[in-house]
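Each protein sequence line maps, in turn, to chains A and B.
Under this note's numbering, the first residue of the first sequence is numbered 1, with each subsequent residue one higher.
Under this note's numbering, the first residue of the second sequence is numbered 347, with each subsequent residue one higher.
Since the hints were made in silico from the structure, they are not lab data.
Just so it is clear, CB atoms sit at the ideal spot from N, CA and C, and this is done for glycine as well.
Check before you lean on any hint, since a few could be wrong.
Label-pair restraints from in silico Cβ distances [said to hold, decoys possible]:
#	chain 1	residue 1	chain 2	residue 2	range
1	A	332	B	785	18 to 26 Å
2	B	748	A	26	29 to 37 Å
3	A	332	B	604	25 to 33 Å
4	B	750	A	310	42 to 50 Å
5	B	610	A	217	49 to 57 Å
6	B	748	A	257	51 to 59 Å
7	A	26	B	785	34 to 42 Å
Mimicking DSSO-like on lysine-lysine, the simulated pairs with C-alpha atoms at most 30 Å apart in a straight line are [claimed, not checked]:
#	chain 1	residue 1	chain 2	residue 2
8	B	835	B	824
9	A	342	B	750
10	B	750	A	63
11	B	546	B	417
12	A	342	B	511
13	A	289	B	605
14	B	754	B	605
Computed from the model, here is a short list of chain A residues facing chain B with C-beta under 8 Å [said to hold, decoys possible]:
#	residue
15	7
16	9
17	118
18	337
Given next are the chains, with one letter for each unit.
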Amino acid sequence: MEFPTETSPHTARPNSVDTVMLRVILALIPGIVAMVWYFGWGTLINILLASITAVTAEALVMKLRHKPVLFAISDLSAVVTAMLFAIAVPPLLPWWLTVLGVLFAIVVVKQLYGGLGYNPFNPAMAAYVLLLISYPVDMTNWLPPRMLNDHPLGFIQTLHTIFAGHLPAGLTWDTVSGATPLDEMRTQLDMNRMISEIRQSPLWGDFGARGWEWIGNWFLLGGLWLLYKRVISWHIPVSMLSGLIVMAGLFYIADPNTHPFPLFHMFSGGAILGAFFIATDPVTAATTKKGQIIYGAAIGVLVFLIRTFGGYPDAVAFAVLLMNLAAPTIDYYTQPRVFGHKRGQT
Amino acid sequence: MTPPNQQRLWRFHGGLHLPDNKAQSLGRELTQATVPQRLILPLQQHIGEEDKPLVAVGERVLKGQMIARSKAYISAPIHAPTSGTVASIGPEPIPHPSGLVATCIVIEPDGEDAWAELPEPMDDYQQRDRADLRERVRWAGIVGLGGAAFPTSVKLNPGPNVRIKTLIINGAECEPYITCDDMLMRTRAPRIVSGIKILKHLLEVEECLIGIEDNKPVAIAAMRQAVTDAGLQKTRVVTIPTLYPSGGEKQLIHILTGKEVPSHAIPAQIGVVCHNVGTTAAIADAVLEGKPLLSRIVTLTGDGVAEPRNLEALIGTPVSDLIAQAGGYTNAVYKLILGGPMMGIALHTDAVPLTKAANCLLVASREEAPDPSPVRPCIRCGECARVCPVSLLPQQMYWYARAKDFDKVQAYNLFDCIECGCCSHVCPAHLPLVQFYRFAKNEIWAQEEEKRKAEQARQRHEARQARLERLERERKAKLRKKKEALEKKKGAGGKEQDAKKAAIEAAMKRVAEKKAAAAAPKNTEGLTPAQQRQVDNAEARRRAAETEGEQEK
Ligand code: SF4
Ligand code: SF4
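Same shape as in the complex, but just chain A (with noise of 0.2 Å):
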């Protein structure tokens, strides 16, 4: 009789990357539900548009590149990055951009770069963050939530929205659009107001920005959720979210009426996201646990920083990307100690 001879270990794999990709998506269900909730239709467009945007411009590369298609997009990652870039945009964005973005991602940031696992940056934020630059307007043109908003549309008004580039007769951008609460919020200290003042506006709610607080909340689930199935672990997002709250309590404790409350800063814009599914994006993250603290409160440090004293509103996008940059050389200097050997010899 003769038998298989591969090595060892011979045991089934009990993890895949399809997997994981999947529990990723289906982590981000109830802020996506949450969002559809508080900003309508839109989200849920845009996330569909994204998804087969990316799965097809995914399957085209896979092939130019002579590589098994089907494989290569059961990995679900394009998804992945499809649906994260699409709940970062605005709930309105104009398809095209959506499809702009999309494409950029993939074939550019991630296949051009070799595909999955090589790219040096995560493709949404890149995606993310060229649209932001280009189209300055276009990104930021959110809507309120829907107990401050007037006019709230229907899929089809939405569907028109977003395909046809304007709104259905009767309505304009000023009546149905509005700032992010973090823009807002920079717009109204710009104008040198006090934090006391700022917060009468009906934008707050109790902890964050009424809507965004509950999103994110919800978003926080499902993060808690991938941490529970370890297909993240806390350093990330722990280091992260400490990161930002230390650096937004010091400023608050020195100047509370120039500075929000730190939790605001948690649960107003994309904090939690970042924390949960974009700064642990496996690939483009530190990978020794002693690095990605450093990583993730780098990342922390930056998103106050940006928000508070840079050019842009939210800074996940800017704040992720740059520490991309420095994930590499941090895992060099973070090497964990080799059993047997002392402390700083390799």
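Fit chain B with the ligands to the given chain A structure using the hints.
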């Protein structure tokens, strides 16, 4: 009384909680395997030099008779497991991952099981010279029965300046499916304890720790009882948490003592010696009964075999015979693995024999040992690093091994990798990481071997060159001397000549030194650096012992 388990335990990094799958093979009693029609005994069943046959084809051999031996210090002799006739000496398939054949002595048993004359039992070993005891273990052909196959007598001789503080007995048996040590401890705990007594005397150690994973309560109880009955002082059975690979030598030492064996070193360097329970029992057999190592307990298990069980079988029994005695194959049979699922080697045929270090035959179904799944790129998730018991960075090593950047891969401490398979097991990209490490290690050894050969060739060439030059110089010197003699007659001398002479002598000395360097000890091929280190240390000790002996004379 042995105090209960109050030992402080340490934890190594990473590791895996695996389904242990040990119940299958523990449901049946330990039985003796029948004597097969042919016993196949590979000349190399140990790490070190291959043995040379001491018998000829057609010769009758008796049970326990030594049939092969090597003069090298790192080696273990082989004995006839039963009486019979030497049918052939030649290449036979052996258990090896690449399906190699190697020289084996094949014995056809005569059914009489007639014993050869055995050396006398050493019941009074406490009064014996330790060297005699070591010689007995060496004669008995005992090697590490946990799978390492390193000659045991070498490990019993840590050298004159090394003080061993702790003897560790490895009953962890951490790999799934394997239960032969468990069975041994259940059935022969007193024998193991006798072996421990001998080892404590031999190594002059006070303290002995017996490490057993907590998934073996029966074995733990049996061992505790045996230790108590024997009234052994400072000997404790320590229950350790079940966590793969806690049975790895360095891991077990760390768990029990908190000490880390330095990279590329052997445990003796930190005052520890570690032996497997099976090895310990074999030592007792050799010393107390004068019996060499002729058989061992082996686990037959997996969904591919009808009656999973443990068998005590003669070394050299063909695997196919063993499987037949475990009810034969089931329809589910797919892979035949020697050892466990994490580190075992897949055999291509069941025509190979049971060797001394073979602890388990896992006859796996397709579900138990599936074909490798398609590989995706590394997503740098770090899971591999999380589980690595040595705290390596497997993804970095993989990266450089694949790129054949062997300097880099060594800088990431490739040679500290124990090939436990944890990283491959958890990798979501299903990368065959361990395979890449083996590949890199083999390439590096091959390169070093090549370098060594090239260096030897260069030195030979230089030596030849130097010899020719020397001859030439001597010829010229002679000529010159003649001339000088002539000139002396004319009344002239010269300091210049002395200087030249000194230069020649210096050159000759250099050549001699180079030659001596070229004759440095040869590498034994295919060893891990740790093993190589052990071999080297042992050689050094042997030389030291020899010179000592000479001085005494
Ligand atoms: S476990 Fe596999 S995919 Fe994850 S970092 Fe290690 S090698 Fe890469
Ligand atoms: S096989 Fe080597 S690298 Fe992988 S986990 Fe084991 S020791 Fe670490």
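Query - Earlier hints that do not hold, by number - result: none
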